[in-house]
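Novice: The lines below spell out each chain.
Number of protein chains: 4
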Amino acid sequence: MKITTIIGSSREDSNSEILADLVTKDLTHTTIDLKNLSIQPIHDLRHTDGGFQFVDDDYDTIINAFLESDLIIFSTPIYWYTMSGIMKNMIDRLSHAIRDERFPQFKEKIKSVEAIVVAVGGDEPKIKGLPLIQQFKYTFDFLNMRFSSYIIGEGNKPGDILQDQQAVAQATLLNKQLKEL
Amino acid sequence: MKITTIIGSSREDSNSEILADLVTKDLTHTTIDLKNLSIQPIHDLRHTDGGFQFVDDDYDTIINAFLESDLIIFSTPIYWYTMSGIMKNMIDRLSHAIRDERFPQFKEKIKSVEAIVVAVGGDEPKIKGLPLIQQFKYTFDFLNMRFSSYIIGEGNKPGDILQDQQAVAQATLLNKQLKEL
Amino acid sequence: MKITTIIGSSREDSNSEILADLVTKDLTHTTIDLKNLSIQPIHDLRHTDGGFQFVDDDYDTIINAFLESDLIIFSTPIYWYTMSGIMKNMIDRLSHAIRDERFPQFKEKIKSVEAIVVAVGGDEPKIKGLPLIQQFKYTFDFLNMRFSSYIIGEGNKPGDILQDQQAVAQATLLNKQLKEL
Amino acid sequence: MKITTIIGSSREDSNSEILADLVTKDLTHTTIDLKNLSIQPIHDLRHTDGGFQFVDDDYDTIINAFLESDLIIFSTPIYWYTMSGIMKNMIDRLSHAIRDERFPQFKEKIKSVEAIVVAVGGDEPKIKGLPLIQQFKYTFDFLNMRFSSYIIGEGNKPGDILQDQQAVAQATLLNKQLKEL
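Taken in order, these protein sequences are the chains called V, U, H and E.
One gets our numbering by counting positions in the first sequence from 1 and adding 371 to each.
One gets our numbering by counting positions in the second sequence from 1 and adding 371 to each.
One gets our numbering by counting positions in the third sequence from 1 and adding 371 to each.
One gets our numbering by counting positions in the fourth sequence from 1 and adding 371 to each.
Keep in mind that the hints were calculated from the coordinates and are not lab data.
Some hints here could point you the wrong way.
No copy labels: a pair is met if it fits in one copy or bridges any two.
Below are the EDC-like pairs computed for lysine to aspartate or glutamate, each with C-alpha atoms no more than 20 Å apart in a straight line [unchecked claim]: (1) Lys478 / Asp494; (2) Lys406 / Asp428; (3) Lys406 / Asp427; (4) Lys482 / Glu495; (5) Lys528 / Asp420.
Put together the whole structure using the sequences plus the hints.
Specialist: Structure (structure tokens):
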């Protein structure tokens with residue numbers, strides 16, 4: 372099972388990254404750190420003559436991750452009650468990717484990709500993070516991806532997440548379940 | 372009453388902009404078009420020695436809009452069931468703005484700013500756009516801003532929004548109500 | 372077009388009923404007032420030998436409304452952020468109705484019924500009533516009914532709803548649209 | 372710590388009851404089974420001369436549970452994406468209870484009651500049950516009760532819940548945490 376974690380935090384060793392690391396512990400996986408990539412915002416050209424135009428940035432890294440993974444873990448801090456802006460720009464560009472003539476198999480291929488969301492926030496995330504989960508659900512439904520599970524953790528200062536016993540327990544169990552596959 | 376509309380679409384004459392224009396019709400207002408500004412993603416340095424660092428981009432335009440407006444209309448297309456990435460990056464940077472020593476009055480001042488959200492999407496937006504509204508609510512609550520109303524419209528192709536009679540009626544009435552203030 | 376309004380309030384002339392009346396103004400329609408019916412709570416016997424048992428109460432009134440209507444308007448006050456208990460008990464019994472051998476055509480027939488929700492609450496209903504709308508959506512999706520629109524109004528004291536200009540405008544337009552069908 | 376579990380299922384040995392039992396395992400607690408009580412729907416008389424009238428049913432059992440408990444566990448099946456009708460009628464009557472002259476201390480006392488929600492559903496409950504959690508949150512916020520945690524489990528047939536390893540792990544950990552208090 373090929374696993375890729377996409378990291379949406381702007382911090383080193385962020386809480387959301389630490390929690391995702393518990394999920395993938397001792398499992399072979401690839402990590403993509405969005406803050407180290409250059410990804411342009413979407414320019415919506417669906418209804419323009421010529422359609423989407425080639426964008427010269429690092430987005431092919433994302434496309435290849437979707438093409439080559441069986442499981443993608445979306446790890447994001449909860450900034451202002453939803454995913455980080457860099458995670459959102461990455462998601463937005465999927466509108467282009469599913470229409471990109473360079474990757475005609477993309478839309479079909481990703482139907483077999485499983486998705487897990489790991490999100491950590493500081494302001495009542497287990498309540499106020501729920502709309503984020505609902506949005507990811509709508510997104511994965513649109514893409515026909517299976518949204519197999521999510522973990523919402525609470526943390527503010529670096530390392531806080533390890534004090535959230537429920538989130539740690541969920542991540543540890545998910546790690547065990549992934550190993551048994 | 373000083374009104375600013377912040378436009379989050381990547382398209383010219385987007386449906387969300389058209390709908391926001393109905394709200395501000397014949398009212399003096401300023402428009403900020405995010406796609407024409409350079410705004411960096413947040414770098415979360417809240418827990419780092421020295422805190423947030425000066426970012427040399429166009430964000431002061433946003434800060435000044437918050438400082439000078441009585442009402443801000445957040446006009447965004449619904450991309451993947453939430454606000455556009457460029458709108459999200461703008462929101463994310465509020466974490467810095469409320470701590471920016473150059474604008475010590477910012478956090479207090481914006482408590483008197485009223486917020487309206489105008490969002491247009493193509494995939495059942497009046498249902499699937501509700502988590503977005505909930506997130507804006509949490510955001511405005513955090514900032515102690517009054518979230519006075521929102522309009523969700525349906526549209527996909529350019530101009531579609533004018534076929535959404537309910538959204539047009541809501542915008543027209545809101546425009547009338549703003550004129551009476 | 373055969374229209375039935377199901378009233379979930381415990382009050383006479385409730386705000387949610389007044390708002391629903393605006394939607395059906397000058398349109399032939401039937402009204403079912405749940406507070407005047409005796410409807411037992413569901414007894415979940417799906418997994419028991421023999422399955423659901425005949426319940427001797429007024430629920431056939433509801434079943435016939437679903438069988439005979441083209442459009443059902445669910446009018447409910449928002450009590451504690453969701454529908455009233457009497458409306459909920461009515462909804463719960465659908466689990467029995469779709470398996471009731473006396474009405475083998477029920478499950479298929481209701482796929483052609485359109486649903487509208489009219490809900491009125493007193494505590495920020497346009498935000499805090501959104502989970503209720505999401506639940507109705509899931510319910511109508513399960514039943515393959517088309518959820519064509521909803522109106523959330525604000526009101527507390529009797530008659531308050533008429534002060535909610537946005538809700539009144541939405542109801543008036545919806546009434547006009549229904550007349551044009 | 373005085374713990375009361377309020378059971379909202381209509382089934383014996385329901386999945387939601389089994390999951391709640393894991394939370395209270397080996398802890399002294401009281402169980403209230405709503406299906407064995409007679410609780411009338413609310414009759415909203417807030418705006419009527421004389422206000423709420425005495426209702427001769429078993430609701431005092433609920434009032435006393437709130438008055439005497441430090442922690443209340445609301446255990447409900449997810450019927451049609453929200454709590455069961457009998458649970459809802461119980462909640463609705465809180466509108467009367469907080470105004471009941473026989474219990475003048477009620478509204479103040481319950482501010483110190485902690486709430487936990489345990490909900491089990493059969494149709495993607497970890498997504499489609501989220502609006503239910505949001506409603507409980509609004510309810511507990513209104514009452515100034517602390518909503519300390521919730522568990523959503525998946526199950527349909529009797530006993531299914533024990534196959535939901537994540538829910539079982541969460542309940543087991545919560546049980547351990549409650550014992551350490």
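Novice: It remains to establish, for every hint, whether it holds in the given structure.
Specialist: Taking the hints in turn, this is what the structure says about them:
no., hint, verdict
1, Lys478 / Asp494, "between (36 Å within a copy, 18 Å between copies)"
2, Lys406 / Asp428, "both (13 Å within a copy, 18 Å between copies)"
3, Lys406 / Asp427, "both (17 Å within a copy, 18 Å between copies)"
4, Lys482 / Glu495, "between (33 Å within a copy, 19 Å between copies)"
5, Lys528 / Asp420, "between (48 Å within a copy, 13 Å between copies)"
Checked against the numbered hints given earlier, this structure breaks none of them.
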